[in-house]
Amino acid sequence: MSPELRTQDKSGNGALAVRDGGQAAVRRSGPGTNAPGLDFGLAWNYAPAPETAKVSIVDRYGLFINGKFVKPSGAGSGHFATINPANEKQLSEIAQGSPKDVDSAVKAARAALPKWAGLKASERGKFLFRIARRIQERARELAILETMDGGKPIRESRDVDVPLAAQHFFYHAGWADKLEYAFPGGGGIGFQPMDGRGGGGKQRRTGWKPVPLGVCGQIIPWNFPLLMAAWKLAPALACGNTCVLKPAETTSLTALRLAEILDEVGLPPGVVNIVTGDGSTGAALVNHAGVDKIAFTGSTDVGKRIAKAVAGTEKKLTLELGGKSANIIFDDASIDQAVEGIIQGIYFNQGHVCCAGSRLFVQESIVDEVVAKLTVRLASLRVGDPLDKNTDLGAINSRPQLEKIQQYLELGAGEGAELHIPGPQGGKAGRQQGTKEIVKCSQAGLPDKGFWCRPCFFSGVQPSHMIAREEIFGPVLAVMTFRTPEEAITRANNTPYGLAAGVWTDKGSKIFEVAKKLEAGVVWLNTYNRFDAASPFGGFKESGFGREGGKQGLRAYVHLD
Amino acid sequence: MVEARAASFKTRSIKTSAKLAGLRLAMRMVDLTTLEGKDSPEKVRSLCRKAARPGDGVLGVGDAPSVAAVCVYPSMVPVAREALGESGVKVASVATGFPSGQYPLAVRIRDTEEAVRDGADEIDMVINRGAFHAGRFEEVAREIREFKAVCNASGSLGGNAREHVHLKVILETGELDTYDNVRRASDLAIEALLYDGGEGPAGTGFIKTSTGKVAPAATMPVTLVMLEAIRDCYLGTGKMIGMKPAGGIRASKEALHYLVMVKETLGDRWLDPDWFRFGASALLNDLLRQMSRHGEGEGKGKYAARYDFSEA
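Protein chains in written order, with this note's numbering: chain A, 2 to 562; chain B, 57 to 368.
These are calculated hints, taken from the structure and not from any lab test. Honestly, I wouldn't trust all of these hints.
[To be verified] Straight-line distance between alpha carbons at most 20 Å, and here's what the computed PhoX-like set of lysine-lysine pairs gives:
{"hint": "1", "chain 1": "B", "residue 1": "K94", "chain 2": "A", "residue 2": "K390"}
{"hint": "2", "chain 1": "A", "residue 1": "K390", "chain 2": "B", "residue 2": "K99"}
{"hint": "3", "chain 1": "A", "residue 1": "K179", "chain 2": "A", "residue 2": "K210"}
{"hint": "4", "chain 1": "B", "residue 1": "K309", "chain 2": "A", "residue 2": "K390"}
{"hint": "5", "chain 1": "B", "residue 1": "K309", "chain 2": "B", "residue 2": "K358"}
{"hint": "6", "chain 1": "A", "residue 1": "K116", "chain 2": "A", "residue 2": "K210"}
{"hint": "7", "chain 1": "B", "residue 1": "K94", "chain 2": "B", "residue 2": "K309"}
{"hint": "8", "chain 1": "A", "residue 1": "K101", "chain 2": "A", "residue 2": "K72"}
{"hint": "9", "chain 1": "A", "residue 1": "K69", "chain 2": "A", "residue 2": "K101"}
{"hint": "10", "chain 1": "B", "residue 1": "K356", "chain 2": "B", "residue 2": "K309"}
{"hint": "11", "chain 1": "B", "residue 1": "K71", "chain 2": "A", "residue 2": "K390"}
{"hint": "12", "chain 1": "A", "residue 1": "K179", "chain 2": "A", "residue 2": "K116"}
[Unchecked claim] Okay, the calculated beta carbon distance ranges per label pair:
{"hint": "13", "chain 1": "A", "residue 1": "K55", "chain 2": "B", "residue 2": "A361", "range": "30 to 38 Å"}
{"hint": "14", "chain 1": "A", "residue 1": "S300", "chain 2": "B", "residue 2": "E59", "range": "41 to 49 Å"}
{"hint": "15", "chain 1": "B", "residue 1": "P257", "chain 2": "A", "residue 2": "K517", "range": "40 to 48 Å"}
{"hint": "16", "chain 1": "A", "residue 1": "A535", "chain 2": "B", "residue 2": "K66", "range": "48 to 56 Å"}
{"hint": "17", "chain 1": "B", "residue 1": "E59", "chain 2": "A", "residue 2": "R484", "range": "31 to 39 Å"}
{"hint": "18", "chain 1": "A", "residue 1": "G42", "chain 2": "B", "residue 2": "T72", "range": "13 to 21 Å"}
{"hint": "19", "chain 1": "A", "residue 1": "S300", "chain 2": "B", "residue 2": "K356", "range": "39 to 47 Å"}
{"hint": "20", "chain 1": "B", "residue 1": "G144", "chain 2": "A", "residue 2": "T485", "range": "29 to 37 Å"}
{"hint": "21", "chain 1": "A", "residue 1": "A445", "chain 2": "B", "residue 2": "Q158", "range": "53 to 61 Å"}
[As the list claims (entries may be wrong)] Sample of chain A residues with no beta-carbon within 12 Å of chain B, all distances over it, derived:
{"hint": "22", "residue": "Y47"}
{"hint": "23", "residue": "E89"}
{"hint": "24", "residue": "E142"}
{"hint": "25", "residue": "W505"}
Glycine residues also receive a C-beta, built at the ideal position from the N, C-alpha and C atoms.
Based on the provided sequences and hints, a complete structural model is requested.
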């Protein structure tokens, strides 16, 4: 890399300089100051620290229906390959569930419902406790599998995904026999599960306690495969429902490993069925008449289609969809902490997070400082082998996702924003550069095989830019400015989405004032991307409806009225 | 977030060659310290010997590098100066009414001048915490500038005074209570250290967490806040300031965590004894133990007992 020094004038804020070749720097306005860079190079380089434990993966997986792994059958069934996105090597073959398979799964769930719903609630809780403990016991194996299948760094799957998945089962295990306390006076008319929908179930007033909805069809995304399975299954099971879970096409392995765990703990057959496959499998599940509830986490596009499909039926629906969440930094914030929050907000899990803080609003007076510190901090991030314990950012989940991200990089540069790709081998791509250069820059120093994109950000972004409006779902941040709190709120709310937001200020009154005006399901104050099973999560506007986690999450799995 | 960030450095996995290199680097950064009322010339002499040749008598680490400095009270400076000679190991001395700083300024200046005249290469001064807490920041800064001036003028003090005397400013973070205070004191100390532009014989200088006499001494979050102040100074002015966490760092593993934090906050240039030090005493033997165990020498794979090491 040439030590080229580029300067850009930033709307009267003084000159900003970012130097290529592993060095990032700020030039502050003022005489006699030079622009040194911090050097995150190879002095005392960390030796590779790969997670070496071997996990067994069979060559071909079936569908988990009625407590057994079965081969897919019926028209449209078959198998497809699942690969490791870090090296594109095939890991296994996953079953493509057909409408017939979905039907068998729904029937199995229906058949298991009366017994499961009628089981003493404390006994249901015990099953959830056992699942949680077994997830903890097999945590290392699950973390490795998650990382191999999805590309996320092992430190995240080990420290976040798997522990949180276990926590969700623990948390909901506790609720199983306390539902009437969660919803006091909440007895109402419910489908008597004994009758079963298939047999023309009657609505009956239960009088004093919440009753399960019935058979839940649950469709989960590829960004947090095991964790999303836990988010979906734990509350449903705690409330006495039975489930048919459809994992994402590219990341089915941990859900199938979870099926083994369910079997190990002796969960009655049919209570949870796992049907793998692509979108058509999901569609079959959504359209199946024997399903009482659909819970979906994924893109807003698909969410809208699902909403249309279930409209006019008696199916209940919760949707947790896309986001373009705002992270707002005021000039009285602790800047270093805020920069950590930005990093945590957008680069966690390669930006494959629905609530990622992908729009950054910085108060005008501190934008140079924030951009400079962000550049320095980004240069210190370690991108590469997801199985290495020192990796901060792993591989992009799939080729289509990588291509989508690359299109946005090109689009953003074309729209006139300045792309910054700091890092040991990174550099900066300007608006004049073509797609090839931008893509090359975003993959500098990374392996040829696998799907990679360096963490990066756009400065000089306008709210009308596509990169500021559409969900990219990658390690790409759009940096914008504001002058007054009112402007920050208006700009932050100017989006079809409303999943999450972050506010950074050391001033307490400002925190509460801004937080209550933000149209977002979750607002983090001086932190970002913190999750807990006890805390409800969900969106406003096109980010969906319904909540997951906490008492509010349980509400989506019981009849009260 | 500062605590979460500091904790994240502990999750780095430092193995094999990186571990060995890290241990050697940490060893070169140690300010081997004895600051007790019962310190004797003999104890200081043996400490100096250990500082210059730490690996003597320990299996498989005969090539262990010497440490950065020996840190003693002013009365022991002549002894250390003589024992260390031109071994390359520096003589550091606490001064300025260590550890409380609760003495008249004239006494503290005289204290510093004596230590310099007796041959100290480095002065570890304490700031006036009373003035800091009372909000008299300018007074704190002025005093730092005065001590820096003494270091700059070492040549005029006669005796065994060294040509270049470096100043380390101890904030005593255990008495500052909040990260905001730590940051404010760091900025204040850095600014005072740079009053001469860092161009004098004393160079720029260090900021240091603790005396070791107050608990808590160095912690990772506090050190991180100070490193961030150093980074911001560098990005703004291009001037490098050194950092020295002191007190409470006893295990090699902790030392490696600190090095990870330095590497990922300030980058490669600070991975050098000129810019980063550990104020420690027990740490050295643990570094030797781990080097012996992980090295290729006779100690490989063995876990040396406590009595395998000299006490000082």
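Quick rundown of the hints versus the structure:
no.	hint	in the structure
1	B:K94 - A:K390	violated, 46 Å
2	A:K390 - B:K99	violated, 43 Å
3	A:K179 - A:K210	holds, 10 Å
4	B:K309 - A:K390	holds, 16 Å
5	B:K309 - B:K358	holds, 17 Å
6	A:K116 - A:K210	holds, 17 Å
7	B:K94 - B:K309	violated, 30 Å
8	A:K101 - A:K72	holds, 12 Å
9	A:K69 - A:K101	holds, 16 Å
10	B:K356 - B:K309	holds, 18 Å
11	B:K71 - A:K390	holds, 11 Å
12	A:K179 - A:K116	holds, 19 Å
13	A:K55 - B:A361: 30 to 38 Å	holds, 36 Å
14	A:S300 - B:E59: 41 to 49 Å	violated, 36 Å
15	B:P257 - A:K517: 40 to 48 Å	violated, 58 Å
16	A:A535 - B:K66: 48 to 56 Å	violated, 26 Å
17	B:E59 - A:R484: 31 to 39 Å	holds, 32 Å
18	A:G42 - B:T72: 13 to 21 Å	holds, 20 Å
19	A:S300 - B:K356: 39 to 47 Å	violated, 55 Å
20	B:G144 - A:T485: 29 to 37 Å	violated, 59 Å
21	A:A445 - B:Q158: 53 to 61 Å	holds, 56 Å
22	Y47	violated, 5 Å
23	E89	holds, 25 Å
24	E142	holds, 19 Å
25	W505	violated, 10 Å
Consistency with the previously given hints fails for numbers 1, 2, 7, 14, 15, 16, 19, 20, 22, 25, ordered from lowest to highest.
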